[in-house]
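There are 2 protein chains.
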Amino acid sequence: MKELIEKGKLAKEASYKLASLSSDDKNNALSSIAKALRENTDYILTANKTDIDNGIAAGMSEGLIDRLRLTEDRINSMADGIDQIVSLPDPIGEVISQTRRPNGLKIGKIRVPLGVIGIIYEARPNVTADAAGLCVKSGNAVILRGGKEAINSNKAIVKVMQDAAYANGLPYGSINLIEDTTRESSVALMKLNDYLDVIIPRGGASLIRAVVENATVPAIETGTGNCHVYVDSSANLEMAKNIVINAKTQRPSVCNAEEKLLINRDIAEEFLPIIVPELTSRGVEIVGDETVCSMFPDSTAANEEDWATEYLSLKIGIKIVDSIDEAITHINKYNSGHSEAIITSDYNASQKFLDEIDAAAVYVNASTRFTDGFEFGYGAEIGISTQKIHARGPMGLEALTSTKFIVYGNGQIRK
Amino acid sequence: MKELIEKGKLAKEASYKLASLSSDDKNNALSSIAKALRENTDYILTANKTDIDNGIAAGMSEGLIDRLRLTEDRINSMADGIDQIVSLPDPIGEVISQTRRPNGLKIGKIRVPLGVIGIIYEARPNVTADAAGLCVKSGNAVILRGGKEAINSNKAIVKVMQDAAYANGLPYGSINLIEDTTRESSVALMKLNDYLDVIIPRGGASLIRAVVENATVPAIETGTGNCHVYVDSSANLEMAKNIVINAKTQRPSVCNAEEKLLINRDIAEEFLPIIVPELTSRGVEIVGDETVCSMFPDSTAANEEDWATEYLSLKIGIKIVDSIDEAITHINKYNSGHSEAIITSDYNASQKFLDEIDAAAVYVNASTRFTDGFEFGYGAEIGISTQKIHARGPMGLEALTSTKFIVYGNGQIRK
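Heads up: the sequence lines are chains H and X, in that order. 1 is the number of the first residue of the first sequence in this note's numbering; add one for each residue after it. 1 is the number of the first residue of the second sequence in this note's numbering; add one for each residue after it.
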């Protein structure tokens, strides 16, 4: 894998220089990148047309073609995204703490870049600009490895970004694209420990699984969301209805959409006839337990696999539970650690749910759809971590940093 | 691997209960554990004698036998360590931040346990008590997998801890020991993703490498230290001498000991005749570059491998560099990301070194030997992270925690 090693070396060398760049220098380069993306719209669209034509010839689905397609508007949005990253505060250099030890050593903990970040993603060319922008702003070099279907678009976007970046002060090697889109290059990137400090997959469950299984580079799992809404016996049912409909149907293809609805048995007979017709009238397919299927014979019986599945479509699993304890046990067993909500008017139920649910974001009386970097006030995000180490939940610029201890002495030796 | 799955399930279930235990409950159980370790000294020593006898019969080296050996004093130290953990503040439950978003959502970020922590270590039975104590205090369940040479000692220590813990309020399953000490059980533990949230190896380079190569569970690399001291042209040479001797010889077998000495060429002719006799008189073997070997013909010529090796013994590699830039480039190429020091009186050199060296701890005018949890003021440590994600440098209780977002709404839905 000559390409990987070459680009790994370049990125590593660039990362040392990037770490010391001032915010002004990084922002200046990023603004130039945004400008260059707008100015080279035609060049990028031409490359994208090749990908689209190839995709259509290969019989790609309309949904995938739509993800792959760039337009003048979409390129403008990419550039706007970069401009927005410029406006975010620079996390690097912050002294998080500094103490003076009894022996006089002054020990500071300072925020530094991670170094070199690998991003593995699918056929969404907008991720290319977005991820590179976030990495550069946080002082990291980046190695991008996008899906093969978008390779022409990615090459064009990266060329435009590199030309603008290197003409405006970013060290050569800051932004890299792996052009070999074989599966082998993807796996090799996951094992590039000599040059990569972290690898972040952005994509569906099978990509995440491939990274977890193959990566020897430290990885951050992102984005799978088997999210639940639990309607407690004390819930305001009008609120519950609005939240369930929003969480399930407002954008069903994303990771913070609701996949499962749990209803306390005390209110099931009242709430099911309210919520099921509302869902089915919006085209939602119902998969349910015995109670649900007996009340709504058009529903499909849920099997074990259903409870663990992230549908990412207009489909929902509904289960009746006897208690909040049963709801919590079910959620902790089947969830993917993303976003979980309780609808309740009961103080103790709300606290119990917040305390005992094991997930990145736990909600009382709100839609799970709010779990993202913009809604949480980070201004941008590189993904949503569903693991517990390093970062959990929406990852903004700070999640792309590490720390180091800087120690000021005047001759101290250990006794 | 039936044992792993059984204990994994137990630990996972215990972890949900542990997460909500109050500090008082955890401290009470830990104090009982410390007391039980002291009261069962004879029981533990008898088990340890079996390990020692087996070790001697197997021809184990004296150094390894010494690591393996427990005494009344050492068991007392283990108990003191647990008592000290009791006195540390509980990190769990801290609200790190809370904001109110424009839509009225109150989003808090709260510190929570990681969940279930796997610890893989070698034949040091003291790690058993130490690691379990830190995990319990931070609300985590723990699965311990120690070296086969210490299995009888570990079984005895864990039995004493479990009996005291479960009789004093810790949930059953909080502390687990894998009794299968085959290599297969170790590798299977590294892949126990269904039950483990993180795995932490504590031991030498080959153990760390095995974890990096095999683990699919998120891992934290710890403890390898190819540490450098760079003596700048502006250094106070008396201070440089004292620091180099301390960093190299005060305890050469540990990860924060100095392994390499870089000397600026401007002062090499003056400093080498000071430092080399001081080192050799203390039994330190010198491996050097051409200049060193020509001035001290008893030295061995360093090869490429030497620069990358952590000797962990009375051996040091010495290299003359033309500039601070050459020193920084050399260190960033060969170091293991642990601890690096510059000895200098020059302001710009100190800042440049602090800025550009890529390591967990960077020192000006002090010995690298200070990189540990106690010296940094954490009161205890589970290890020293040499990776950049999650935690870097000495890891105290906080490194054994994650966060979750708790979101208070009153009916918010996403527009």
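Treat the hints with care, as some may be off.
Identical copies look the same in the list; a pair holds intra-copy or inter-copy alike.
[Stated by the list, open to error] DSS-like cross-link-like pairs, simulated, lysine-lysine; straight-line CA separation at most 30 Å: (1) K148 with K333; (2) K315 with K159; (3) K241 with K109; (4) K155 with K352; (5) K2 with K155; (6) K159 with K9; (7) K241 with K106; (8) K35 with K333; (9) K191 with K415; (10) K191 with K35; (11) K159 with K2; (12) K241 with K415; (13) K315 with K2.
By construction, these hints were calculated from the structure, which means they are not laboratory data.
Hint by hint, here is what the structure shows:
no.	hint	verdict
1	K148 with K333	neither (35 Å within a copy, 33 Å between copies)
2	K315 with K159	neither (41 Å within a copy, 49 Å between copies)
3	K241 with K109	between (47 Å within a copy, 27 Å between copies)
4	K155 with K352	neither (50 Å within a copy, 36 Å between copies)
5	K2 with K155	within (18 Å within a copy, 49 Å between copies)
6	K159 with K9	within (19 Å within a copy, 50 Å between copies)
7	K241 with K106	between (56 Å within a copy, 21 Å between copies)
8	K35 with K333	neither (48 Å within a copy, 36 Å between copies)
9	K191 with K415	neither (41 Å within a copy, 41 Å between copies)
10	K191 with K35	neither (35 Å within a copy, 46 Å between copies)
11	K159 with K2	within (20 Å within a copy, 53 Å between copies)
12	K241 with K415	between (67 Å within a copy, 15 Å between copies)
13	K315 with K2	neither (45 Å within a copy, 36 Å between copies)
Comparing the model with each earlier hint shows violations of hints 1, 2, 4, 8, 9, 10, 13; every other hint is respected.
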